[in-house]
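Participant: What follows is each chain in one-letter form.
There are 2 protein chains.
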Amino acid sequence: MTNLSKNLEPLANVIRGLAIDAVETAGHGHPGAAMGMADIATVLYANHLKFLGTSPDWHDRDRVVLSNGHASILHYSLLYLTGVPGVELDDIKAFRKSGSITPGHPEVGHTPGIEVTTGPLGQGLGMSVGLALAEQRLRDEFGSDVCNHRTWVFAGDGCLMEGVGQEAASLAGHLGLGHLNVLYDSNQITIDGSTAISFTEDTAAKFKAIGWHVLEACGHTHAEINEALSSAKAEVSKPSLVILRTTIGYGAPTKSGTSGIHGSKLGGEEAAAAKGALGLPPKPFEIPAEHLKAWRTFGAQGAAAHKAWQARISKLKADVAKDYARRMQGDLPMGLHDALEKTKHFYFLEPKTLATRKASQLALEVFTEKMPEMIGGSADLTGSNLTKTSATDTVFSAAASGRYVNYGVREFAMAAAMNGLALHGGIIPYGGTFLVFSDYMRNAIRLAALMKAKTLFVMTHDSIGLGEDGPTHQPVEHLASLRAIPGLHVFRPADVIETIEAYEAAMTANGPSLFAFSRQGVAQVRLRQSTENLTSKGGYVLVKPDAPRDVTLIATGTEVTLAVEAAKILAERGVHAAVVSLPCWSLFDRQGKDYRDSVLGDVPRIAVEAASTFGWTRYVNSEEDVLGVAEFGASASDKELYAKFGLTPENIARQAHKKVEASFV
Amino acid sequence: MTNLSKNLEPLANVIRGLAIDAVETAGHGHPGAAMGMADIATVLYANHLKFLGTSPDWHDRDRVVLSNGHASILHYSLLYLTGVPGVELDDIKAFRKSGSITPGHPEVGHTPGIEVTTGPLGQGLGMSVGLALAEQRLRDEFGSDVCNHRTWVFAGDGCLMEGVGQEAASLAGHLGLGHLNVLYDSNQITIDGSTAISFTEDTAAKFKAIGWHVLEACGHTHAEINEALSSAKAEVSKPSLVILRTTIGYGAPTKSGTSGIHGSKLGGEEAAAAKGALGLPPKPFEIPAEHLKAWRTFGAQGAAAHKAWQARISKLKADVAKDYARRMQGDLPMGLHDALEKTKHFYFLEPKTLATRKASQLALEVFTEKMPEMIGGSADLTGSNLTKTSATDTVFSAAASGRYVNYGVREFAMAAAMNGLALHGGIIPYGGTFLVFSDYMRNAIRLAALMKAKTLFVMTHDSIGLGEDGPTHQPVEHLASLRAIPGLHVFRPADVIETIEAYEAAMTANGPSLFAFSRQGVAQVRLRQSTENLTSKGGYVLVKPDAPRDVTLIATGTEVTLAVEAAKILAERGVHAAVVSLPCWSLFDRQGKDYRDSVLGDVPRIAVEAASTFGWTRYVNSEEDVLGVAEFGASASDKELYAKFGLTPENIARQAHKKVEASFV
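Taken in order, these protein sequences are the chains called A and B.
For the first sequence, numbering that gives the first Met the number 0 begins at 0 and goes up steadily by one.
For the second sequence, numbering that gives the first Met the number 0 begins at 0 and goes up steadily by one.
Note that these hints are calculated values from the structure, not bench results.
Be aware that a few hints might be false.
A partial selection of chain A residues facing chain B, derived with a Cβ cut-off under 10 Å [claimed, not checked]:
| hint | residue |
| --- | --- |
| 1 | R95 |
| 2 | G118 |
| 3 | K207 |
| 4 | T296 |
| 5 | Q300 |
| 6 | T342 |
| 7 | H344 |
| 8 | Y346 |
| 9 | A398 |
| 10 | A399 |
| 11 | S621 |
| 12 | E639 |
With a Cα cut of at most 27 Å, we get these calculated DSSO-like pairs of lysine-lysine [what the hints assert, rightly or not]:
| hint | chain 1 | residue 1 | chain 2 | residue 2 |
| --- | --- | --- | --- | --- |
| 13 | A | K369 | A | K643 |
| 14 | A | K643 | B | K567 |
| 15 | B | K592 | A | K92 |
| 16 | B | K49 | B | K351 |
| 17 | A | K357 | B | K49 |
| 18 | B | K592 | A | K657 |
| 19 | B | K567 | B | K638 |
| 20 | A | K96 | B | K638 |
| 21 | B | K543 | B | K351 |
| 22 | A | K264 | B | K638 |
So, partial list: chain A residues that the calculated Cβ filter (under 7 Å) puts toward chain B [as the list claims (entries may be wrong)]:
| hint | residue |
| --- | --- |
| 23 | P111 |
| 24 | E467 |
| 25 | M506 |
| 26 | A508 |
| 27 | G510 |
None of these values were measured; they are calculated from a predicted model.
For glycine and all other residues, C-beta sits at the position ideal for the given N, C-alpha and C.
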């Protein structure tokens with residue numbers, strides 16, 4: 000690609016014009032960064048990017064991530080200008096309007112050509128690490144004829160200041176992700192003013208210290224940009240950071256270089272003056288035909304490469320082609336279900352007392368053996384999370400892409416990277432930490448749900464049952480707070496059978512799933528042979544009493560076995576208790592009302608969960624009917640803590656009995 | 000202090016012995032880091048630390064923070080050895096046992112001499128930044144005769160890998176916190192093995208790049224440690240990082256230098272061999288008398304300095320002494336309540352339509368003017384959060400400690416630093432970001448609640464009402480997830496009156512408070528003159544119908560005014576609706592049952608909140624009785640989004656009417 004001989008400045012100014020007009024028309028938005036990064040984007044798309052506007056879903060395209068997502072109008076403009084089908088000028092005109100495909104921040108699945116949802120700063124960088132990991136893994140698996148592309152990331156000061164961005168950068172440097180190129184829009188301006196008030200690092204030195212290839216250039220001098228991008232591409236043993244000195248709102252006569260242009264429209268006079276200075280037609284959204292044509296040419300540049308790639312794919316061996324297609328489509332492999340049933344059968348025949356984290360590992364053994372697309376990992380808690388299996392016991396390193404990522408003590412970057420892995424295509428990531436540290440990665444879990452990314456969060460040490468590490472490590476409110484996230488499936492399985500079923504349900508569900516597993520061992524509760532995936536219903540009657548039920552005991556996870564024991568005590572006292580296992584609220588709530596009513600029963604109900612009682616009133620009458628943990632835990636053994644909080648079969652039976660007696664009054 | 004001429008090695012080994020024996024007796028725990036850092040701690044306490052064992056609450060003591068909190072036995076041993084009252088050898092023997100003052104991780108308020116609760120990695124470093132900020136501010140305010148101490152932080156690899164640790168380090172470097180000294184236990188081992196598998200930065204170069212003074216020393220050579228600590232103290236214009244090369248589990252013959260000694264007891268044989276090699280008595284917990292005596296001498300070294308400080312304090316001018324005492328005791332100033340009542344009076348006379356974030360700023364104007372202990376800030380959203388006031392319009396910088404901290408785009412470090420500011424004494428911190436980004440700082444909010452720190456989290460843009468920035472920026476599940484945190488007061492005030500009352504309630508409450516404020520303007524709902532702080536009750540009847548009520552409309556924040564309008568519509572239709580404003584659930588739940596019942600009413604209830612319906616079944620029958628936002632928002636104007644989700648007076652009235660009619664069936 001040799002478009003540099005042409006004068007690209009007018010083409011960059013077309014982007015600036017769209018940014019100005021779109022924000023002016025909306026009345027709000029963020030023109031500054033888009034105007035500042037227009038030159039960089041133009042040189043990237045003209046001379047370096049591997050993509051084809053008409054095929055935005057080409058598997059082997061370069062990925063473009065706008066980590067500073069508030070500059071969304073830049074990306075929307077690029078999609079329109081390069082001819083991505085479904086992104087029209089009218090969409091640019093509808094920027095930030097209700098129902099448009101051009102919302103305030105880029106959303107994957109909502110706009111063709113958008114790779115990941117960005118806006119929460121730093122996470123675009125984190126997801127880019129995942130995209131680059133996926134690319135490297137698929138390249139090693141299928142060969143560079145099939146997969147060989149780059150991840151380009153626009154990032155601002157905010158992304159580099161955020162902890163998640165720093166964790167991601169550190170991880171990328173450690174792993175030597177040579178196909179990851181970050182374009183740092185160094186405009187010296189944050190929302191609150193000059194970066195001098197809060198951010199005075201020597202960024203180049205810092206990134207060199209963490210293993211990056213660092214380049215610097217003027218972000219408005221095309222030859223400099225071009226040389227820097229070429230150099231970034233040439234270095235494939237390290238990620239590259241290109242520090243581009245830019246002026247925010249470049250082209251605006253009085254507001255450029257100030258925080259005033261970050262998140263506000265220019266205003267009529269300033270907008271007109273800017274457009275004049277940039278040689279743009281005064282009429283809003285007008286693009287000179289030759290400029291649009293030039294942009295469309297850039298958009299078509301990848302055609303030959305795309306065709307060549309298709310030709311190579313068509314020559315793959317049949318079984319490889321089939322596997323590749325299956326993985327990119329996200330289909331489950333043949334034989335998985337049978338293998339799972341076989342495993343369930345084994346545990347039905349020989350029930351085991353296990354920590355559910357161990358059950359998770361046993362389930363993952365089967366899944367990872369059958370599904371080469373699964374990439375595991377942990378935030379430095381492998382031996383505690385039990386996330387490593389025989390099949391994933393190959394470490395992802397700078398030298399080779401194994402199936403296990405040692406994310407280090409970087410929970411947030413792990414979660415963001417997993418989202419990137421999931422969104423790349425061809426990979427299903429899972430990764431572990433303690434449930435309490437879901438806090439550290441919470442916004443990435445939320446983004447997974449918003450993006451419907453199939454990311455699997457394996458959270459162990461799921462209650463006070465973890466014991467002596469005490470309240471800082473004991474989740475209490477976490478189950479409630481995670482269940483509140485729309486579109487996230489939270490599973491808390493009771494034993495190995497439910498665990499296998501939960502993973503299978505997660506694989507077929509749309510969007511992410513989070514699993515809460517115990518540190519401590521519990522008896523298996525699912526003993527009756529069945530090929531039905533009961534967990535996929537979210538909740539079901541585990542123990543049906545001999546006579547019409549007097550009370551329903553609802554429990555999740557490690558407390559199900561306590562409820563089963565309590566039901567036995569109640570039976571001795573002539574009280575007929577049904578035990579309901581409720582491993583996944585969101586799946587249960589999707590069942591028909593008749594099913595839900597039949598499971599819960601029209602009788603007094605008691606819920607048992609070693610966690611906050613918050614939210615349980617969805618299923619029981621009042622929080623007084625929940626045996627839970629209403630305060631922070633303490634440093635003591637699991638048995639002592641369970642007793643302290645009344646989480647014993649005897650107490651459950653007592654409370655249930657009381658409840659039944661009260662209902663007769 | 001010149002204890003270096005003595006051989007300190009046996010004294011360091013005393014710590015190692017206690018670590019070995021305590022973990023061995025408990026059967027679990029983390030001996031490795033404590034054994035590795037014993038030499039550093041010994042040199043620090045022998046020669047550098049300003050403290051007095053018998054007065055662990057001396058205001059001007061050096062603060063010691065164990066950011067790698069799993070090494071708690073190190074700190075407990077130091078407290079016992081230096082004679083902190085209430086920490087006895089029996090407490091060391093009870094390590095990690097139920098009810099002991101020596102839990103798995105250090106907890107402030109639980110053990111004398113523990114400054115902050117640590118364990119969630121990186122946050123100790125974050126809180127240390129807050130402790131150092133507080134020290135510098137108080138030094139500038141009251142003079143170095145009153146306040147002039149250091150913050151010493153033990154930190155491990157995990158703390159430096161965590162995003163919050165990196166944000167904190169970046170902020171500390173930017174602010175040139177010269178009294179902050181971090182002792183980095185560089186043992187090359189993480190839980191999953193060698194740091195080589197996940198953490199390969201050039202830490203020294205990185206910290207230099209972000210403005211730190213960096214030193215390196217062997218962590219087992221006392222002269223080297225001593226020199227490094229002296230050098231760290233000498234540099235007062237930058238924070239210092241002392242990189243100390245250590246061996247994890249130093250002294251254990253086969254397990255030292257391996258991850259196997261990180262979180263497990265040594266085992267009988269290894270323990271005995273280690274104690275033998277370290278010259279320790281074989282009997283568990285036995286300390287040779289001369290060694291205990293030497294340690295107690297170190298603990299008493301600060302006596303003269305403490306006495307001199309007391310003498311200086313006694314010579315302060317009466318008004319200064321009074322103000323200092325008030326602030327260190329955490330008492331509210333005289334005149335505050337009257338000023339607040341005057342402000343409320345003003346708004347009762349001239350009601351205003353305001354965004355509640357603006358109401359927050361108006362309230363903060365009064366509080367910050369009366370309370371010099373308040374230090375404000377924002378994570379680069381000052382103009383959006385409206386957290387700056389006339390009184391706090393002095394920037395905290397390397398040159399001078401103002402009353403406003405530009406935290407940069409570092410939400411998690413801001414929250415952790417605020418916790419440190421709150422726990423130092425003499426300071427009440429408040430700081431802002433968008434409510435959706437409470438996710439980024441969530442575990443620090445949790446720690447604030449666990450520590451009962453008076454930290455004020457000012458969260459604006461609290462619902463879909465923020466409009467076109469779209470779903471990445473629109474909180475939905477956040478109110479529910481925050482209400483689930485035990486001990487956190489979540490306030491969502493409806494107008495300026497409730498906002499003033501909420502801040503006043505927060506000031507008198509125990510522990511942290513979080514405020515959710517709107518971007519968009521709403522009409523004032525509190526119009527009836529009253530000096531009663533109704534918000535401090537958590538909830539109250541705002542609108543009482545003329546006749547016995549048929550239905551209760553419960554709402555919070557910006558939806559209260561919608562409920563008030565709905566009640567008017569209902570009145571026209573002959574339905575008598577009471578409107579309940581419920582700005583703080585946790586305070587409401589503390590009221591007596593009679594009060595709560597009288598407020599909520601024994602009639603059908605409808606709840607209205609522009610947020611997830613999760614948890615509302617605490618007050619209404621079913622989530623079907625909640626008008627809320629059950630999915631992610633969208634990029635559109637606030638009015639369009641409110642209409643889309645049915646959050647209009649008409650729809651509220653319609654649903655309420657239906658509910659009333661159904662109740663008659």
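Participant: For each hint, tell me whether it holds in the structure or not.
Facilitator: Hints, one by one, checked against the model:
Contact between R95 of chain A and chain B, as hinted, is supported at the beta carbon level, the nearest pair being about 4 Å apart and thus within 10 Å. Evaluation of the G118 of chain A hint against chain B yields a held restraint, the C-beta minimum of about 3 Å falling below 10 Å. At its closest, the beta carbon of K207 of chain A sits 7 Å from a beta carbon of chain B; the interface hint therefore holds under the 10 Å criterion. A hinted interface residue such as T296 of chain A counts as satisfied when its beta carbon comes closer than 10 Å to some beta carbon of chain B; here the least separation is about 31 Å, so the hint is violated.
Annotation: interface hint on Q300 of chain A violated; nearest CB of chain B at approximately 31 Å, more than 10 Å. A least Cβ separation of about 27 Å between T342 of chain A and chain B goes past the 10 Å threshold, and the interface hint is therefore violated. A hinted interface residue such as H344 of chain A counts as satisfied when its beta carbon comes closer than 10 Å to some beta carbon of chain B; here the least separation is about 34 Å, so the hint is violated. Interface hint at Y346 of chain A: violated, since its Cβ lies 29 Å from the closest Cβ of chain B, which is beyond the 10 Å cut-off.
A distance limit of 10 Å between C-beta atoms decides the matter here; for A398 of chain A the minimum to chain B is near 12 Å, and the interface restraint is violated. For A399 of chain A, the shortest C-beta to C-beta distance to chain B is roughly 13 Å, which exceeds 10 Å, and the interface hint is violated. Interface hint status for S621 of chain A: upheld, as the beta-carbon distance to the closest one in chain B is roughly 8 Å, under 10 Å. Nearest Cβ of chain B to the Cβ of E639 of chain A: about 5 Å, under the 10 Å cut. The hint holds.
As the CA atoms of K369 of chain A and K643 of chain A are separated by approximately 43 Å, the hinted pair breaks the 27 Å bound. Restraint check: the Cα-Cα separation between K643 of chain A and K567 of chain B comes to about 50 Å, which exceeds 27 Å; the hinted pair is violated. About 56 Å separates the Cα atoms of K592 of chain B and K92 of chain A, which puts this hinted pair outside 27 Å; it is violated. For the hint pairing K49 of chain B with K351 of chain B, the CA-to-CA distance comes to about 53 Å; that exceeds 27 Å, so the pair is violated.
Distance check on the hinted pair: K357 of chain A and K49 of chain B sit about 48 Å apart at the alpha-carbon level, beyond 27 Å; violated. Between K592 of chain B and K657 of chain A the CA atoms are separated by roughly 21 Å; this keeps the pair inside 27 Å, and the hint holds. The hinted pair formed by K567 of chain B and K638 of chain B meets the criterion: a straight-line CA distance of about 20 Å does not exceed 27 Å. Distance check on the hinted pair: K96 of chain A and K638 of chain B sit about 12 Å apart at the alpha-carbon level, within 27 Å; holds.
Distance hint between K543 of chain B and K351 of chain B is fulfilled; the C-alpha atoms sit about 22 Å from each other, no more than 27 Å. Pair hint K264 of chain A plus K638 of chain B holds up; C-alpha atoms about 21 Å apart against a cutoff of 27 Å. Of the supplied interface hints, the one on P111 of chain A is violated, with its beta-carbon coming no nearer than about 17 Å to a beta-carbon of chain B, more than 7 Å. For E467 of chain A, the interface hint holds, since its Cβ comes within 7 Å of a Cβ in chain B; the closest pair sits about 4 Å apart.
Interface hint at M506 of chain A: violated, since its Cβ lies 23 Å from the closest Cβ of chain B, which is beyond the 7 Å cut-off. Interface hint status for A508 of chain A: violated, as the beta-carbon distance to the closest one in chain B is roughly 16 Å, over 7 Å. Evaluation of the G510 of chain A hint against chain B yields a violated restraint, the C-beta minimum of about 11 Å exceeding 7 Å.
Comparing the model with each earlier hint shows violations of hints 4, 5, 6, 7, 8, 9, 10, 13, 14, 15, 16, 17, 23, 25, 26, 27; every other hint is respected.
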